[in-house]
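**Student:** Spelled out, the chains give:
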Amino acid sequence: MVSVISLSLIVLGTFIGACATFIIKKATDKYQLKKLLLSSSLWGGLFIYVLSVLLYIYVLRTEELSVVYPLVATSYIWTTFFSVRFLGEKMDNWKWAALIGIILGIVFIGLGS
Amino acid sequence: MNWEGKRRFFNLNNNQKGVLFMVLCSLCTSAGQIFWKAASTKIDFFNPLSFLNFNFLLGGAVYALGMGLMLMAFKKGDLSLLYPIVAMSYVWVSIASPLFFPSDSMNSYKWVGVIVILFSVSLLGFGSSRIDSKNRDNLKIDFKIEEKSENKSETKSEYKSENKEIKEGNKHDEINLNEKEFESKKSSTKVKNG
Chain A
1 MVSVISLSLI VLGTFIGACA TFIIKKATDK YQLKKLLLSS SLWGGLFIYV LSVLLYIYVL
61 RTEELSVVYP LVATSYIWTT FFSVRFLGEK MDNWKWAALI GIILGIVFIG LGS
Chain B
1 MNWEGKRRFF NLNNNQKGVL FMVLCSLCTS AGQIFWKAAS TKIDFFNPLS FLNFNFLLGG
61 AVYALGMGLM LMAFKKGDLS LLYPIVAMSY VWVSIASPLF FPSDSMNSYK WVGVIVILFS
121 VSLLGFGSSR IDSKNRDNLK IDFKIEEKSE NKSETKSEYK SENKEIKEGN KHDEINLNEK
181 EFESKKSSTK VKNG
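Respectively, the protein sequence lines represent chains A and B. Under the working numbering, think of the first position of the first sequence as 1, with each following residue one higher. Under the working numbering, think of the first position of the second sequence as 1, with each following residue one higher.
Chain A extracted, bound-state conformation:
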């Protein structure tokens, strides 16, 4: 049985995970390796990342993989949105097609497991 609450929880989890990835990327751009390992933004990012993973595991206990996997794949869309909007990276049609392809592949693996 698919419940709306757990689905919205997992979408929230992917959004939080994408925020964490963005924070970590910002930290790696800003600091050299030694300072990076002592920086609060890196460890804060990793902490938020762990939170998103915990949400994911919590939802996995009740929902089926074939439902959860495609929703987890939305994290790639969030991350791409962040990197275009805030990091000034460029996307072209090939990269968008690739992103859709990756999500499609994950949907297939979810259906198979």
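Since the hints were made in silico from the structure, they are not lab data.
Using C-beta positions, here's what the derived DEER-type ranges look like:
1. A:Leu87 x B:Pro98: 37 to 45 angstroms
2. A:Asn93 x B:Leu49: 51 to 59 angstroms
3. A:Leu111 x B:Asp142: 43 to 51 angstroms
4. A:Leu87 x B:Asp142: 20 to 28 angstroms
Far from chain A, some chain B residues (derived; all Cβ distances over 10 angstroms):
5. Val23
6. Lys37
7. Thr41
8. Pro102
9. Leu139
10. Glu147
Cross-link-like lysine to aspartate or glutamate pairs, in silico, EDC-like; alpha carbons within 20 angstroms at most:
11. B:Lys76 x B:Asp132
12. A:Lys26 x A:Glu89
13. B:Lys134 x B:Glu146
14. B:Lys37 x B:Asp104
15. B:Lys134 x A:Asp92
16. A:Lys90 x B:Asp132
17. B:Lys17 x B:Asp132
18. B:Lys37 x A:Glu64
19. B:Lys37 x A:Glu63
20. B:Lys75 x B:Asp132
21. B:Lys17 x A:Glu89
22. B:Lys75 x A:Asp29
23. A:Lys30 x A:Glu89
24. B:Lys76 x A:Asp29
25. B:Lys144 x B:Asp132
26. B:Lys134 x A:Glu89
27. B:Lys17 x A:Asp29
28. B:Lys76 x A:Glu89
29. A:Lys90 x B:Asp137
30. A:Lys90 x A:Asp29
31. B:Lys75 x A:Glu89
We treat Cβ as the ideally placed atom computed from N, Cα and C, and that holds for glycine.
Given chain A, work out where chain B should sit, using these hints.
**Tutor:** Only chain B this time, still in chain A's reference frame:
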């Protein structure tokens, strides 16, 4: 292949190095997941001592190595290129887990998924390299334009000074002056001819 050729082969640009690190990262994280799955049967959430399990600790170490590789990759390249490569871990896990866990098996859905993901990740790299080469061409064009403008800088400054004079002076005066010059030239030529 001579030495030069070999050097060029290993001479990857930053995005390509990032992709290499990211693929290694996905290998490490999927290995970590497999170790954790192997450990999960022995772990009791209410007994902390059960976490001191060889598979669980090894999985954690490999996962941490993967995270380190991810940081190195993020330092090199674009997030929109590198982050979706995490999806490679779906490929490694689906192929490897039937080897370690008899209850798991490969099926046609999973094979299709694996092939689609592999194809899409290479498509992502292709698109990114196209964007990179376009940026490089634009930089070259900018550089050429700068070079040209440097060569013409003297003529440009001359133009500017002329324009300033025209703007500063009254236009009617300018025309009158020109007419006077013209007449004086005419007269001078007449004098010469005469």
